[in-house]
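Student: The residues making up each chain are set out below.
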Amino acid sequence: MASTTLEQIASIVNGRIVGNGTVSIADARPVEIAGPGDITFIADDRVARALRACPASAALVGPHFRTRAQVIAPDLPLVEVEDPLDAFVKVRTHLRGGEPPRWVGIHPKAYIAATAKIGRNVAIHPFAYVGEYAEIGDGSTLFPGAVVQSHCVVGKDCVLHANVVLYDETSLGDRVEVHSGTVIGSDGFGYRLKEGRHVKIPQTGTVEIADDVEIGANCTIDRGTFEATTIGEGSKIDNLVMIGHNNQIGQHNMICGQVGLAGSCKTGDYVVLAGQVGVKDHTEIGDKVIIGAQAGVHRNVPSGQQLLGSPAMPIREQRRIFQMIARLPEMHQQVRELVAAMERIKILAAQAGVSLAPMESNTLEETS
Amino acid sequence: MASTTLEQIASIVNGRIVGNGTVSIADARPVEIAGPGDITFIADDRVARALRACPASAALVGPHFRTRAQVIAPDLPLVEVEDPLDAFVKVRTHLRGGEPPRWVGIHPKAYIAATAKIGRNVAIHPFAYVGEYAEIGDGSTLFPGAVVQSHCVVGKDCVLHANVVLYDETSLGDRVEVHSGTVIGSDGFGYRLKEGRHVKIPQTGTVEIADDVEIGANCTIDRGTFEATTIGEGSKIDNLVMIGHNNQIGQHNMICGQVGLAGSCKTGDYVVLAGQVGVKDHTEIGDKVIIGAQAGVHRNVPSGQQLLGSPAMPIREQRRIFQMIARLPEMHQQVRELVAAMERIKILAAQAGVSLAPMESNTLEETS
Amino acid sequence: MASTTLEQIASIVNGRIVGNGTVSIADARPVEIAGPGDITFIADDRVARALRACPASAALVGPHFRTRAQVIAPDLPLVEVEDPLDAFVKVRTHLRGGEPPRWVGIHPKAYIAATAKIGRNVAIHPFAYVGEYAEIGDGSTLFPGAVVQSHCVVGKDCVLHANVVLYDETSLGDRVEVHSGTVIGSDGFGYRLKEGRHVKIPQTGTVEIADDVEIGANCTIDRGTFEATTIGEGSKIDNLVMIGHNNQIGQHNMICGQVGLAGSCKTGDYVVLAGQVGVKDHTEIGDKVIIGAQAGVHRNVPSGQQLLGSPAMPIREQRRIFQMIARLPEMHQQVRELVAAMERIKILAAQAGVSLAPMESNTLEETS
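Protein chains in written order, with the working numbering: chain C, 112 to 479; chain W, 112 to 479; chain V, 112 to 479.
You may find that some hints are simply not true.
A pair holds if it fits inside one copy or across any two, identical chains being indistinguishable in the list.
Think about it this way: if two alpha-carbon atoms lie no more than 20 angstroms apart in a straight line, the pair counts; the simulated PhoX-like pairs of lysine-lysine are [what the hints assert, rightly or not]:
1. Lys201 - Lys377
2. Lys201 - Lys311
3. Lys399 - Lys377
4. Lys457 - Lys220
5. Lys267 - Lys228
6. Lys201 - Lys305
No wet-lab data here; the hints were simulated from the structure.
One chain only, chain C, in its complex shape:
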């Protein structure tokens, strides 16, 4: 790591210095662990306070945080930039010597089928496998053990991390990144019970993944039964997510860790599914829907709704119900007391010759 001055850093990120620009900076680290000689950053109002106890030598701040930062840490040299996180990443990469150059080539310990079409500038590492008629686009990388089976199409500048598997006929757009252990195109879970045995429905569809999708580690995305399972442009999927056969995932979705979508679901654009959510088969979820963690969605969800709970319901109702549930012991006690008091009233009423049974009101009116 090469040391530099705050002035040089300001010029790298096109920022404005507030305070002493001659201070020497050796590394860029987040505010929780930054020490003397480090530059840190404040991207969010909520963490500005953390600067107070932080022994960093300087901080990258946004235009609207400057005043706040100066109140909290008046002597700390600052570099004011439009986007402190971006600037921090740039400075960190600079101080740490940049990314190592990417190895390019087809390693002799890889396997490429004779009929496969391989683009330019690819990196195909040892033990990667490319099947018959598969296509690997320009600039794409297959890390060790990545398996691209027959008739797959991998677009440009894709990254398949180690031990990813694409079953036959899977297609990826451009700039798709798939993390290790993820399996795309495995058979959907479709059987019919015939004479006491589960007979498999052949899963002869495909998977189509659009541009700029990123998929985490150890996910599974099943191929369609007769059509394609699809993931829309720009959607991001976390680890250990299961997407069943025939799902149609929209654009720019955020699907968090351990979510499971059963078969034939459909999501709109900008949908967010938080961690461990489950979605019943054949469910349609509208645009911009947000589903809270661990929710169980078993019905179609109109656009814009926010749901929570299992079974899922609108978040406001669900929160109210969670409150009610927490108060159940108290409510139970109240009901017990009411029942006891009412029993007493009924006895008293009976002694007075008055019935409180609601069905006998006519009789009662006569007697009263």
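Knowing the structure of chain C, use the given hints to seat chains W and V on it.
Tutor: Just chains W and V, lined up with the frame of chain C:
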């Protein structure tokens, strides 16, 4: 894809034409996406309506759907068959040129231990690994990166997809299919706390998987501690399922995505566990039990029961309770109003010299 | 398997014979499946009863179980030892011929980068991959398909099972065991929405795993954003667990199957997370906390607490609430009856010229 006529299709599937048999058919696609030139199929009453808006050129229908289909789409040529889904798969395979021939052989980039026994007609792809004394049955396939460790026994006509791992001594019956990334025979989660450290209990059992089992992608099935973890004949397991050590899974179970069974559970035959179900260790589940999605089973379940919820209870009760929970805010309001009215009654009663306290009934009787 | 006498077994495990020491023993099996010729063991009072129906020829028992065992099975020869489970494992290993010798070497079908540093006495199996500048400590094993990417550090006596993946810069302490399919160091799930697209925050941190950690199969542990994701000494992680970026897991934790921890969580020492638990991002969990299965933790948890439920609450409260929920239909009925009775009372009161509306108490007092 080769085009053909409806008459030829009818003869392939042994069906009966209703309407114009000369119409030309180029592909077979499901009713949601079928277009002109396609033949589609109706396997289920519920989707018959979809025919109305479907521009397909023909449809495969079952005996009891014919009348319905003719009402919905009176001009659509039909082929009547016993099993429309089976017929559809057959026609689709025919039109699409059939399945590609299976490659057979042991690829030089695979690794086979000298002591391994390899059957006839196997396909062992590049980077597949077969350990010492392992046996691979006739007709079985190991896709790239599949690892079969020492002393494993793989039956006939099994398929181990890419990057499957079988730890030492795992045994598979015949016609077992295991999807990519699944791990069978890993150590169970067994420790004892000794002097502040978790000391591992050696996991020296095995895994035995019976005939005709299919296991999805990225599952884990742990080996037994001292005995065998077993999966019964014909059971089907979806993706990302965890089966802990010493489990005894019955025959013809359906275990859906992301289900987790802790250690030493036992299931009967024809059990269904829906998505994301969790089962506590040492739980016994009877025959034909159905557990709803996301349920948490923490007690033995008698045969034939259907459970739902976490903690799980009989589905009818649970549904009633879900209704009750949804009405909690309303009930809470009612209780508040009752409490207020009762307070008022108590004040009035006290003014009249009458106590409503249930413990004082004797006194009250005297005063009344 | 070599047969032996109970006397010889007693001398192997340094135990004391009670009964006939000449009985012949061929195998060691757990009490549920032990038969004639087997020795079994009783480690736990709860299973002592199982001896009654067990046809085993002998049993290993602890000092305090001897009396009990003699009551239950008075004729069964016993070997009394301090730790019956340990003794059982020793006897079993002896009778089954011991563990096979470990193969040592670097297989020519493996790939080792020229700049990697490989210790002594390692086992690097076919298709294992060791990247640039990676270090493999003495005595460590890489099973087939294990991938150790650039700049990783693997300590001494580690075991990476088949198809494990360590991304760049992951570091493991000594005696770390990682089961098949687990991915360590994959990118965290961090994006910012910019002009309608999710833009990735570069994940440039690392993962640091301390000594004596064991990690199950098909887990994912993401690298930190700018710092390190850490797992403390002696912690044990079951299968299919997801640990998000920046997590700081304490020492001697037990994290059960399918648990998910979102980003930037922190756990103390001796924490237990049962199966399928979910933890919200940025949650801090104190020492010795126990979280019950399927719970959803969305708040910091003080040391020593036991939580259950989703949303999680203290176990005692939650159990009480589960009881209340189960009684909801009954309570609902009670409230209905109370409402009806109160309606009747209100009518009667109105007929008597008395209002029960609590707001009108002054007026009422005047009229009474």
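Student: Each of the hints needs a verdict: does it hold here or not?
Tutor: Evaluation of the provided hints:
For a Cα distance limit of 20 angstroms, the shortest separation of Lys201 from Lys377 qualifies neither inside one copy, at 38 angstroms, nor across copies, at 28 angstroms. With identical chains, the CA atoms of Lys201 and Lys311 are at most 20 angstroms apart between copies only, with a shortest distance of 14 angstroms across copies and 52 angstroms within one. When the C-alpha separation of Lys399 and Lys377 is checked against a cutoff of 20 angstroms, the pair qualifies only within one copy, where the shortest distance is 13 angstroms, while the shortest distance between copies is 31 angstroms. Neither within a single protomer nor between protomers do Lys457 and Lys220 lie at most 20 angstroms apart by alpha-carbon distance, with minima of 89 angstroms and 88 angstroms respectively.
When the C-alpha separation of Lys267 and Lys228 is checked against a cutoff of 20 angstroms, the pair qualifies only within one copy, where the shortest distance is 13 angstroms, while the shortest distance between copies is 34 angstroms. When the C-alpha separation of Lys201 and Lys305 is checked against a cutoff of 20 angstroms, the pair qualifies only between copies, where the shortest distance is 18 angstroms, while the shortest distance within a copy is 61 angstroms.
Checked against the numbered hints given earlier, the structure breaks hints 1 and 4 and satisfies all the rest.
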